[in-house]
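Residue numbers (numbering that gives the first Met the number 0), protein chains in the order written: chain A, 0 to 411; chain B, 0 to 411; chain C, 0 to 411; chain D, 0 to 411.
Be a bit skeptical, because a hint or two may be false.
Unchecked claim - DSBU-like, lysine-lysine: derived pairs with alpha carbons at most 30 Å apart:
| hint | chain 1 | residue 1 | chain 2 | residue 2 |
| --- | --- | --- | --- | --- |
| 1 | A | Lys354 | B | Lys249 |
| 2 | A | Lys249 | C | Lys249 |
| 3 | A | Lys354 | B | Lys58 |
| 4 | A | Lys206 | B | Lys206 |
| 5 | A | Lys249 | B | Lys299 |
| 6 | D | Lys206 | C | Lys206 |
| 7 | B | Lys249 | C | Lys249 |
| 8 | C | Lys354 | D | Lys354 |
| 9 | C | Lys299 | D | Lys354 |
| 10 | C | Lys206 | D | Lys299 |
| 11 | C | Lys260 | B | Lys249 |
| 12 | B | Lys249 | A | Lys299 |
| 13 | D | Lys354 | C | Lys249 |
| 14 | D | Lys354 | C | Lys206 |
| 15 | B | Lys354 | A | Lys206 |
| 16 | B | Lys206 | B | Lys260 |
| 17 | D | Lys260 | C | Lys354 |
| 18 | A | Lys299 | B | Lys111 |
| 19 | D | Lys206 | C | Lys299 |
| 20 | A | Lys206 | B | Lys299 |
| 21 | C | Lys354 | D | Lys206 |
| 22 | B | Lys260 | C | Lys249 |
| 23 | C | Lys249 | D | Lys249 |
| 24 | B | Lys249 | D | Lys249 |
| 25 | D | Lys206 | D | Lys354 |
| 26 | A | Lys249 | D | Lys249 |
| 27 | A | Lys249 | B | Lys354 |
| 28 | D | Lys249 | A | Lys260 |
| 29 | B | Lys206 | A | Lys354 |
| 30 | D | Lys260 | A | Lys249 |
I should point out that these hints are in silico values taken from the structure, not numbers from a laboratory.
There are 4 protein chains.
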Amino acid sequence: MLISRPALIEFYQRVRKASEAICAPLYPDDYQTQSIAETSPPKWHLAHVTWFFETFLLKNFLPDYQAVNESYNYLFNSYYQTIGSMHARAERGVLSRPTVEQVYNYRAEIDKRMLDLLANSAENQWPEVASRVILGLNHEQQHQELLFMDIKHNLWSNPLRPAYLQRPEQSIYVFSTLNWEDRQEGLVSIGSDADSFAFDNERSRHKVWLDAHRLSSRLITNAEYQNFIDDNAYQRPELWLADGWHHIQKNQWQSPLYWQKQENQWYEFTLYGLEALNPTAPVAHISYYEADAFAHWAGKRLPSEAELEGKLLETPLQGHFSDNSVFHPQAGVGQYYGSLWEWTASPYTAYPRFKALPGSMGEYNGKFMCNQWVLRGGSCVTPLDHIRPTYRNFFYPHDRWQFAGIRLAEDL
Amino acid sequence: MLISRPALIEFYQRVRKASEAICAPLYPDDYQTQSIAETSPPKWHLAHVTWFFETFLLKNFLPDYQAVNESYNYLFNSYYQTIGSMHARAERGVLSRPTVEQVYNYRAEIDKRMLDLLANSAENQWPEVASRVILGLNHEQQHQELLFMDIKHNLWSNPLRPAYLQRPEQSIYVFSTLNWEDRQEGLVSIGSDADSFAFDNERSRHKVWLDAHRLSSRLITNAEYQNFIDDNAYQRPELWLADGWHHIQKNQWQSPLYWQKQENQWYEFTLYGLEALNPTAPVAHISYYEADAFAHWAGKRLPSEAELEGKLLETPLQGHFSDNSVFHPQAGVGQYYGSLWEWTASPYTAYPRFKALPGSMGEYNGKFMCNQWVLRGGSCVTPLDHIRPTYRNFFYPHDRWQFAGIRLAEDL
Amino acid sequence: MLISRPALIEFYQRVRKASEAICAPLYPDDYQTQSIAETSPPKWHLAHVTWFFETFLLKNFLPDYQAVNESYNYLFNSYYQTIGSMHARAERGVLSRPTVEQVYNYRAEIDKRMLDLLANSAENQWPEVASRVILGLNHEQQHQELLFMDIKHNLWSNPLRPAYLQRPEQSIYVFSTLNWEDRQEGLVSIGSDADSFAFDNERSRHKVWLDAHRLSSRLITNAEYQNFIDDNAYQRPELWLADGWHHIQKNQWQSPLYWQKQENQWYEFTLYGLEALNPTAPVAHISYYEADAFAHWAGKRLPSEAELEGKLLETPLQGHFSDNSVFHPQAGVGQYYGSLWEWTASPYTAYPRFKALPGSMGEYNGKFMCNQWVLRGGSCVTPLDHIRPTYRNFFYPHDRWQFAGIRLAEDL
Amino acid sequence: MLISRPALIEFYQRVRKASEAICAPLYPDDYQTQSIAETSPPKWHLAHVTWFFETFLLKNFLPDYQAVNESYNYLFNSYYQTIGSMHARAERGVLSRPTVEQVYNYRAEIDKRMLDLLANSAENQWPEVASRVILGLNHEQQHQELLFMDIKHNLWSNPLRPAYLQRPEQSIYVFSTLNWEDRQEGLVSIGSDADSFAFDNERSRHKVWLDAHRLSSRLITNAEYQNFIDDNAYQRPELWLADGWHHIQKNQWQSPLYWQKQENQWYEFTLYGLEALNPTAPVAHISYYEADAFAHWAGKRLPSEAELEGKLLETPLQGHFSDNSVFHPQAGVGQYYGSLWEWTASPYTAYPRFKALPGSMGEYNGKFMCNQWVLRGGSCVTPLDHIRPTYRNFFYPHDRWQFAGIRLAEDL
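Chain A on its own, in the form it takes in the complex (with noise of 0.2 Å):
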């Protein structure tokens, strides 16, 4: 079912104007920022998904296309090693040159020349536009998601902690129990065929095998993982996997990523600043290191994806995503969908007949499928309309400035 030109010409405008919205509070020296090689300065997101339609969309659809800046290609590539080599991914900081005005310049060409395209481009051609228009909005909702990410890291590596928002009045959320609910054997499949849109890792749909398990109810909060540390756990190398013993000794954890101890009491760096640490919110900026290590210590396990996808399918999609404009997790029921992203105890790796898309977009998502672990469900800073049941993120063990947290498993 093909979608409408004005249906996606909408789709178009609102994505691209969420990310700008997204960076209207920040100062021209923030935009410039790059605090670890892991990030990338908010200026280099806007001109990288900018990048990602000209070169995907206008380069290949329009005969003879001028480029706006032929130096951009080299710039802005992420990691699309077939079409050329780009510029070192840790040295984006770098780039003082083109500068925010240049790039919200080009934005607008590229945003003049997409509509272009949008509204007259070959019937013919349509399916194939629309087609790479949506990976191309999906895309950048995806950095939408790491500019929250990212401003939030670059802010905190400031010792002087600014916030990048002030926290807005505090919506009611609730507190609860914490619960397990059994789920029983058989096979389930997940994955997608659906002729809407997916990645290409999503599919194809496969039948799985699930043994008998319970998931908990809720995610877990910072007081149940302030127990965790309390009883010695960042020093007891029983309860962790080796690489990740050696990771937290290697540079020292002692806690979760944005959590700070000042006169015996914990705060937490959110994008609201530094702010006493709240006990019913879930725990946040976790690594799998740590989300494993705690699943130890409480004598469960992490939920499998395919245990995760399982229960999505059954669930209504609604939750706290980036359209609640609360970008913190909070207290809740449920949360599997919105909140934190959930580890799973499933390294991402290749559903069966996977076949990566065609072409340079090729290198989209297949060739990051060793090393990393997947995670599900979206987070208070992804778009709800981002996310889906089969949606699979991923992050390497050691990764903690993405909004990931804890849901707790165990066989039956």
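Start from chain A and add chains B, C and D according to the hints.
For chains B, C and D alone, coordinates are given in the frame of chain A:
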């Protein structure tokens, strides 16, 4: 079904002697060498496997046990954090004391004490004694394979490329064409629930759904791998996992470990010294990154561990093992067992209802279930009686000093 | 001979304005950039030199002084360990706050307070106030040179190779043949005992015996250095110091910093962008390793700092300085002062009877007297009134982002 | 005055035997060990000094010379780039072949050939033969000292802290109060123009002006150094050079190398094993950074090499050398010669009219004249007949596995 004392004594003596036989061709200088952090000096292996018996048997079952040398608990502990701190792995080559002679004396003394324990331990302790001794002997067999691997790497690191042994007169090996065996979809049960010995990571037996697929009828040969090299594969990023591409760039890999080009002719370093590359022998000492890239290049994929175990369960347990005393893989048919460990497309993770062994022995396997990949089937330096269809070996995706090769699979 | 208040106020205002004038051509993005650990964001320089006045003048002489922002003492302390801990040097580019605007406000506020102190401090404090202000202004002049150096390196690190400024209309510069001036043996007195300002590292004046020697009549040119490259010098270990050879191998140096070959033609990056290499201009941005290897190749040596000071003492203090507003060295005669700093064969160590300044200011120079080499004479980005014959600049032997060149010497 | 053949043969045999005598107490395992990149396996030293004679004498003077083993030119070349490429320094511990036995056979074979050359070389070649042999023997004596240093470090790196030898019965050493000797200003001549042997770096003799100064009458003791530690010196940045402070922080130095605290008591590792710290023995195994910080803390400075040579020239060449067979420094008077090398405040640079030796031997000394500091006077592991007043030893400022100590000086 409990093993008898005489049977276990025979097994003990056989395994212990085998380790020393592997070291018989070494010079005192060879015992001391550690070429990279991943390898250990042969002397250290001989002492460490002995320490395992002293720690988990003698100290456990003999009241008021007096250690042969208290310091050995620090020097020869490999990675048992719950036993105490240990000498750094990468610094084992620094330990000129105890000397080789002292290590052999240590072995002799522990053997004496162990044989006494095996003969005289209380009946009610026998089940636990036997279980631990069998674990210790399997452990020593694993280190026998490591001895071959490490001796090979140590000798290779010497520009003289010295041989470990003279090559024995060549037995006859048969080259076979690459065929494909189709395998049907369905539920298989993999893993072990057996009474007989299996590592904790093989447990518990559980169902896995397999889609229809096919497996190649033998391992990939050197000649086939040379085609991959000649097709410029080490220069083509689109064939590689992102982490793999990064790794081969950084380390300037252009061929398998132990391949060396001289005057336009490929040679391979073996335990018999540098030899002209044998085109029909299976390609060996391949990393996961290379195995995956080869499969990608060939338009195939690697088999999952469940697919391979399904096949192994139907296959007679025979092949080219260390018992054959030819310490390099040869041309052959089938090759499911022996010859070379086969990389699978399965990350090494816990099976459903996995329970680590109690106490410090729980560190044996479980804590490594992250960032590594499963290999199956054993190799020409594995003892035949050490292998089972359910056996799970595991290495990091960049490791290649183990005897590892490639079998292909594809979806049907 | 004490400086008068009006004279010092004039000096203060002139120096403070000069720093801001250097930054006038920058975009907000440029202020934030730090290309390597050795450079600092321009914004940071502007704040740090201001912090110097606040810390060593205002806090010292004003009772109950209220800092503009207490956190600046952490953020803008460079290396004064006795003042307190400080933000990591390599992480200055992460500080998006305070913003450029806030830094300029900080400068304005400190200027107001400083001018008040300069006008109104007690008479009995004036000698100490004046002495510290003069140190602070010389300090800021050093950072003016660093601003030129760092801006150049930041812009160079951008593949767009953007220019800082448009090149001014070319003045006339004279190329001269390389000649030699013979200088007699004897005792010379070098270093400063003057009442007028000199850094502590220039003191005290002391005798040095010089053997007879000769000095080249001008700096080595790009054309002469190109001969060295064309003679394969970067591939010949016998020309290099051991540490230098190791360094050029590891970093794959094949030419001076800022040289770039395109289609067999050498270009040089300057503050005016990428320009065809000027053969008669002096070779610039040379490390000590390269200067020493060039001298070795030429059958000469570098002059000692005493030899150069002997010559400088007899030479009129004039040359190509930043006052000329041509921010790249040009062909010339003599060139003892200005144009480029000249590497000497003298490691940077303490003179006899060296006494560091009291208190924290003692960290200014003395603690760097290890592993660095002395350079003499100033450069085209040094203010003329900042230089003296006794002035000792110093850098690590591998540094080359400073404006440094080569003068030769030989024994007679 | 040319040395006679019998005299040189006697010298040759004496030095060659001395190297083997140093290794007599070693086990085969000890010969193979390399604890850090700076040390070499004892086996390697024995082979390398032999390679020196083969390369610079036998290959040079014997037409159609057949090397004992062509590969040794790669394995046992230390740093002579102009001879050809070489095995990596840090990887010498990997060379299990040639074995210890083969290395001793190599020595025996080269000795036979060398004695033949010494007896039978043509008269007109004798001056050059003799000159190179003397260089080779001095070279081997330097490696004798390195053998003591490296064996000590290797054994120290073993947690068992094994002793190299049993401590001999204690001779009587005299403790003396620290006094000061005033020395007048004036021109001194330092360096060598002698016919007798001196390294190229000691040449040529030249004048240096010395201001009036004083020297401490003996080396600093362990007790005095302990006061420095107890005064919290390793935690006080103001006492340290910037690079030194960085280095001790990064490496967490809290005391000299080989000091170890147990139950609040200091011990020192010596070639006789771990011993209670002797308060009157001189503090040993000190880096330049520590020597400089100690002098700073004491309100003094280190002497320059010219100041020390001035004193050495007036002092009888006697002291505690390896000839005394006590391989650890003892309390004493004067101690200008022997006991411990004394750090000077002089970076290691070329003397006026320095000429490196011709050909590859020119790499012996000159290329190290950067980033290192001069030490003077020899140590308890230096052979007495190896030392001269003009002798210049040199190490990096962070090195401390050499037998180095502290003498103080101050300006008058």
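How the hints compare with the structure:
1. Between A/Lys354 and B/Lys249, the direct Cα distance comes to roughly 28 Å. Compliance with the 30 Å bound is thereby established for this hinted pair.
2. Note on A/Lys249 and C/Lys249: the hinted pairing holds, with a Cα-Cα distance of about 26 Å set against a maximum of 30 Å.
3. For a cut-off of 30 Å, the pair hint linking A/Lys354 to B/Lys58 is broken: about 55 Å separates their Cα positions.
4. A threshold of 30 Å between alpha carbons decides the hint, and for A/Lys206 with B/Lys206 the separation of about 12 Å falls inside it, so the pair holds.
5. The suggested pairing of A/Lys249 with B/Lys299 is violated, with an alpha-carbon distance near 39 Å, which exceeds 30 Å.
6. Note on D/Lys206 and C/Lys206: the hinted pairing holds, with a Cα-Cα distance of about 12 Å set against a maximum of 30 Å.
7. About 14 Å separates the Cα atoms of B/Lys249 and C/Lys249, which keeps this hinted pair within 30 Å; it holds.
8. At most 30 Å may separate the alpha-carbon atoms for a hinted pair to count; C/Lys354 and D/Lys354 exceed this at roughly 36 Å.
9. For a cut-off of 30 Å, the pair hint linking C/Lys299 to D/Lys354 stands: about 11 Å separates their Cα positions.
10. Restraint check for C/Lys206 and D/Lys299: satisfied, since their Cα atoms lie roughly 21 Å apart, inside the 30 Å limit.
11. For the proposed pair C/Lys260 and B/Lys249, the alpha carbon gap of about 25 Å is at most 30 Å, so the pair holds.
12. Pair hint B/Lys249 plus A/Lys299 does not hold up; C-alpha atoms about 39 Å apart against a cutoff of 30 Å.
13. Proposed proximity of D/Lys354 and C/Lys249 is supported: the alpha carbons are some 28 Å apart, at most 30 Å.
14. At most 30 Å may separate the alpha-carbon atoms for a hinted pair to count; D/Lys354 and C/Lys206 meet this at roughly 26 Å.
15. With a C-alpha separation of about 26 Å, the suggested pairing of B/Lys354 with A/Lys206 holds against the 30 Å cut-off.
16. At most 30 Å may separate the alpha-carbon atoms for a hinted pair to count; B/Lys206 and B/Lys260 exceed this at roughly 47 Å.
17. The straight-line distance between the Cα atoms of D/Lys260 and C/Lys354 is roughly 36 Å, outside the 30 Å bound, and the hint therefore fails.
18. Annotation: proposed proximity of A/Lys299 to B/Lys111 is violated, straight-line Cα distance about 43 Å (limit 30 Å).
19. For a cut-off of 30 Å, the pair hint linking D/Lys206 to C/Lys299 stands: about 21 Å separates their Cα positions.
20. A hinted pair counts as satisfied when its Cα atoms are at most 30 Å apart, and A/Lys206 with B/Lys299 qualifies at roughly 21 Å.
21. The hinted pair formed by C/Lys354 and D/Lys206 meets the criterion: a straight-line CA distance of about 26 Å does not exceed 30 Å.
22. The straight-line distance between the Cα atoms of B/Lys260 and C/Lys249 is roughly 25 Å, inside the 30 Å bound, and the hint therefore holds.
23. A distance of roughly 22 Å separates the Cα atoms of C/Lys249 and D/Lys249; the hinted pair therefore holds under the 30 Å criterion.
24. With a CA separation close to 26 Å, the supplied pair B/Lys249 and D/Lys249 stays within the 30 Å bound.
25. With a CA separation close to 17 Å, the supplied pair D/Lys206 and D/Lys354 stays within the 30 Å bound.
26. Straight-line distance between C-alpha atoms of A/Lys249 and D/Lys249 comes to about 14 Å, which keeps the hinted pair within the 30 Å bound.
27. A threshold of 30 Å between alpha carbons decides the hint, and for A/Lys249 with B/Lys354 the separation of about 28 Å falls inside it, so the pair holds.
28. In summary, the hint linking D/Lys249 to A/Lys260 is supported, as the alpha carbons are separated by about 25 Å, within the 30 Å threshold.
29. With a C-alpha separation of about 26 Å, the suggested pairing of B/Lys206 with A/Lys354 holds against the 30 Å cut-off.
30. Restraint check for D/Lys260 and A/Lys249: satisfied, since their Cα atoms lie roughly 25 Å apart, inside the 30 Å limit.
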